[in-house]
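Novice: Fit chain C to the known structure of chain E by using the hints.
Spelled out from the first residue to the last, the chains are:
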Amino acid sequence: MNCAWVKDNLCDIMDGLLPSEVDEQYQSHLAECRECHALLAELSLDQQALASLPHVLPPIDLMAGVMATIHRPVKKAFWPFFAPRFAPVAAALAIMVLGLNFWAAYFPYPSLAPGSALMETQIAPRLFVVGGEEPDASDPAISDKSIATAALEDVREDALPARPSIFKVSSVLGGSIFLLWGAIVIIWYKRS
Amino acid sequence: MRSHEEDKELVNRCLAGDTEAFRAIVERYQERVYNVAFRMTGNHEDSLDLAQDSFIRVFRALKGFNADSSLGTWIHRIAHNVVIDELRKRRRRPIVAMSTDTVVSTDDGEHTLEWSAAVDDTPEEQLLRAERKREIERALQSVSAEHRTVLVMRDIEGFAYEEIAAVLGLQIGTVKSRLNRARLALREKLVIREQGLGIGRLIDQKGG
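If you're matching them up, the sequences are chains E and C in order. Here the first sequence stands for residues 1 to 192, numbered as in the working numbering. Here the second sequence stands for residues 193 to 400, numbered as in the working numbering.
Pulled out of the complex, with its shape left as it was, chain C reads as follows:
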C-alpha cells in the first residue's frame, strides 16, 4: 500500500543524499508512468525515454516538492508535461504503428504480452475481442493528445477523477466533460475505421 507517510520519508531520505531511496520511489511509480507514456506515444522506445526523462526531472526538482501534497500526483504531473512536450515536438512526424504483441524486458527476461482472453471464449470470440482491442488501440492514437490523456488516465489506468484533475490542473467538472468528449471522439474514430474496413471488404469481395 502506497502511503503518503512512506512517500514523505523516501523524499526526505533522497534530500539527505540517499539515492537508494530514489530507487524505491522509481520502483513504486515506474509502472504507471511507463504505461501512461506507452499509451500516449504508442511505442516502447519513446516511452522508455520519456519515463526516464520524467524520473530524472523528478529527482532534480525534488527540493521543490511540497511534502504535504501527493508524491504520485506530482510525479504524474511532471511525466504528463514531459509526454505532452514530446508529442508537440513530434506533431510533424508520422505516428509509428504500434505492434500488437508487446515484448518487454523484465528482471525475469523477455516476455511477449498477449491479449488477455477468457478461458471459456470460443476461438471466434477471442478473435473478435482481439480485433476490437487492436482497433481501439489504433483509434486511441488518432484522437487528440488532450482526449487521449483523459482516456488513458481514466479508462486504461483507472485514475480517480480527483487525481486526473490534480495532475492536469483542472476542475473535476472539466475533467468529466473532457472525458465525455474524448469518449465520443474515440467512438467517432472507431465508426470511421469500421466503415473504412467495410468498404475495404466490399472492394475485396468485388475484386475477388
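This is chain E alone, in the form it adopts within the complex:
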C-alpha cells in the first residue's frame, strides 16, 4: 500500500467500499502517512461542499419554450438533402464528372488511316479542296503527314467534335456543384 494506490482508489475509499482486508492495510497506511491523511480530509470537505451547492429550480421559460417549439409545425428543411447520407451520391457524381473529363482529355482522336471512315468521309474530300487535286482515298500517300499535316489542323477544327468546350463546361459546372455541396455539408455539420 502506498500513496499512489490511495490516489487510484479514491472512489472506493470515499464511498467506504474497500474490502475489509484492504481497508485494514489502507487504515494502517493512513495512520503513517500525513500527506494521504491530509489529502483525504481535504477531499472529503470538497465533496461535502460540492454536495451542498444549491440545487437550482429550472425557470418556467424552460417548459414554455420547449412546448412552444414542439407545437410549431416542422418546416421541411432544405438541409437534409445535403446531409452526409447523400455523400455517396456526391462521390458517384464526382467520379462520373472526373471520368468524363479524363475520357474527353485522353481518348484518342478517330483514326486517320487510309480507308478509315473519317478519312473517307471527312478528310479526303477536304484535302481535295486544299490540294486542288482529286484525291484517292485509298492512296497510302494521303496518310503521309507531309501531305496531310497542313490540312489536318483545319480539318480537325471542322470535322472533329468540339470536345474541349464540352469538358471545360463539365469541369467548371461539376467542380462548382461539388464545391458548393461540400460547403453546404460543412455548414450543416456546424449547425446541427
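It cannot be assumed that every hint is accurate.
[What the hints assert, rightly or not] Residues of chain C clear of chain E, computed beta-carbon distances all greater than 12 Å: (1) GLU201; (2) VAL203; (3) ASN204; (4) ALA259; (5) ASP260; (6) GLY264.
[Claimed, not checked] Distance condition first, Cα-Cα at most 16 Å in a straight line; then the derived EDC-like pairs of lysine to aspartate or glutamate: (7) C/LYS200 with C/ASP260; (8) E/LYS7 with C/GLU278; (9) C/LYS381 with E/GLU42; (10) C/LYS325 with E/GLU42; (11) C/LYS381 with C/GLU329; (12) E/LYS190 with C/GLU278; (13) C/LYS255 with C/ASP210; (14) E/LYS7 with E/ASP23; (15) C/LYS200 with C/ASP210; (16) C/LYS381 with C/GLU327; (17) E/LYS190 with C/ASP277; (18) C/LYS281 with C/ASP238; (19) C/LYS281 with C/GLU338; (20) E/LYS7 with E/ASP61; (21) C/LYS281 with C/ASP241.
[Said to hold, decoys possible] Among chain C residues calculated to face chain E with C-beta under 7 Å, some are: (22) GLU223; (23) LEU240; (24) GLN244; (25) ARG324; (26) ILE348.
In short, the hints are calculated from the structure, not lab data. Positions of the beta carbon are idealized from the N, C-alpha and C atoms, including for glycine.
Specialist: Only chain C this time, still in chain E's reference frame:
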C-alpha cells in the same frame, strides 16, 4: 417515484401524438437536466438554452428511443452531448463569472437561493462555509469539461456510477478512475486559488 413503466407509457403516448405526455416527461427530468447544464456552464442563460435544446432534441428523436432502456439515461446522454458541444464551441470565449446568489423564476415567482447554512452555525462558521462553496464553485469552472462532468454528475447530482457509465458510454472502472483524477484536479485548483489568495492577502497587509 420514477418508474420505468410510467416512462414507457409516456413515450408511447408522445409517439401517438399526445404532446401533453411530453410535458410530463419534461416535468420529470427538467430539474436534473437544468442543474447539470448550470453546473457545467456556470450561468443561467446558457443553461436555459441548453436544457431547452436538449428536450427539443429528445422530442425529435423519440421515435428512435429503445423502450427497453432507461428514458432518464437516454435524456441525460442527449443533454450531455448538447452541453459538451456548446462547451467546445465556446472554448475560445472567456468563462462568465458565476454569481453566488441565484435568482430563479418558478411558478411562485422569483426566488433568491442562498447558501444553505445550519441553524446552529456561528456567523463565522457560516462565512467560512459560504467562502468554501464560492471557491469550490469557481474551481469547478476551471477544471476540464471531462473532469467537471463526472464531478457534477457524481458529487453534485448524486448519479450512480452505473448511470454515469451509461450516459457517458464508459465502463464503470473508467468512470471511477476519471472521478479520482477529477477530484485531485479540483483539489489542485483549490490549492492554487488558496495560495493565490494568501499571496493577495500578504500584499494587502504590506500595502496597508
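Novice: Each hint: holds or not?
Specialist: Status of the hints after comparison with the structure:
Residue-level check passed: C/GLU201 sits 19 Å from the nearest beta carbon of chain E, beyond 12 Å. Non-interface call for C/VAL203 relative to chain E: holds, since the shortest CB-CB distance, roughly 14 Å, exceeds 12 Å. No Cβ of chain E approaches the Cβ of C/ASN204 within 12 Å, the least distance being about 17 Å, so the stated non-interface status holds. With 12 Å as the threshold on Cβ separation, the claim that C/ALA259 sits away from chain E holds: the shortest Cβ distance comes to roughly 20 Å.
Interface exclusion of C/ASP260 from chain E stands, the closest Cβ pair being 24 Å apart, more than 12 Å. At roughly 16 Å from the closest C-beta of chain E, the C-beta of C/GLY264 stays outside 12 Å, upholding its exclusion from the interface. Under the criterion of a C-alpha separation no larger than 16 Å, the hint pairing C/LYS200 with C/ASP260 is consistent with the structure, at around 8 Å. With a C-alpha separation of about 31 Å, the suggested pair E/LYS7 and C/GLU278 falls outside the 16 Å cut-off, and the hint is violated.
The straight-line distance between the Cα atoms of C/LYS381 and E/GLU42 is roughly 13 Å, inside the 16 Å bound, and the hint therefore holds. A threshold of 16 Å between alpha carbons decides the hint, and for C/LYS325 with E/GLU42 the separation of about 13 Å falls inside it, so the pair holds. For the hint pairing C/LYS381 with C/GLU329, the CA-to-CA distance comes to about 11 Å; that is within 16 Å, so the pair holds. Restraint check for E/LYS190 and C/GLU278: the C-alpha separation of about 11 Å stays at or below 16 Å, so the hint holds.
For the proposed pair C/LYS255 and C/ASP210, the alpha carbon gap of about 13 Å is at most 16 Å, so the pair holds. Straight-line distance between C-alpha atoms of E/LYS7 and E/ASP23 comes to about 14 Å, which keeps the hinted pair within the 16 Å bound. Under the criterion of a C-alpha separation no larger than 16 Å, the hint pairing C/LYS200 with C/ASP210 is consistent with the structure, at around 14 Å. The straight-line distance between the Cα atoms of C/LYS381 and C/GLU327 is roughly 10 Å, inside the 16 Å bound, and the hint therefore holds.
This hinted pair checks out: E/LYS190 and C/ASP277 have alpha carbons roughly 10 Å apart, not beyond 16 Å. Distance check on the hinted pair: C/LYS281 and C/ASP238 sit about 12 Å apart at the alpha-carbon level, within 16 Å; holds. Taking the CA atoms of C/LYS281 and C/GLU338, the gap is about 15 Å. The hint holds against a cut of 16 Å. For the hint pairing E/LYS7 with E/ASP61, the CA-to-CA distance comes to about 43 Å; that exceeds 16 Å, so the pair is violated.
Restraint check for C/LYS281 and C/ASP241: the C-alpha separation of about 14 Å stays at or below 16 Å, so the hint holds. Evaluation of the C/GLU223 hint against chain E yields a held restraint, the C-beta minimum of about 6 Å falling below 7 Å. Given the 7 Å rule on beta carbons, the hint for C/LEU240 holds: about 6 Å separates it from the nearest Cβ of chain E. Here the hint on C/GLN244 is kept, as its CB sits about 5 Å from the closest CB of chain E, short of 7 Å.
At about 5 Å, the closest approach between the beta carbon of C/ARG324 and any beta carbon in chain E falls short of 7 Å, and the interface hint on this residue holds. Checking C/ILE348 against chain E: minimum C-beta separation of about 5 Å stays under 7 Å; hint holds.
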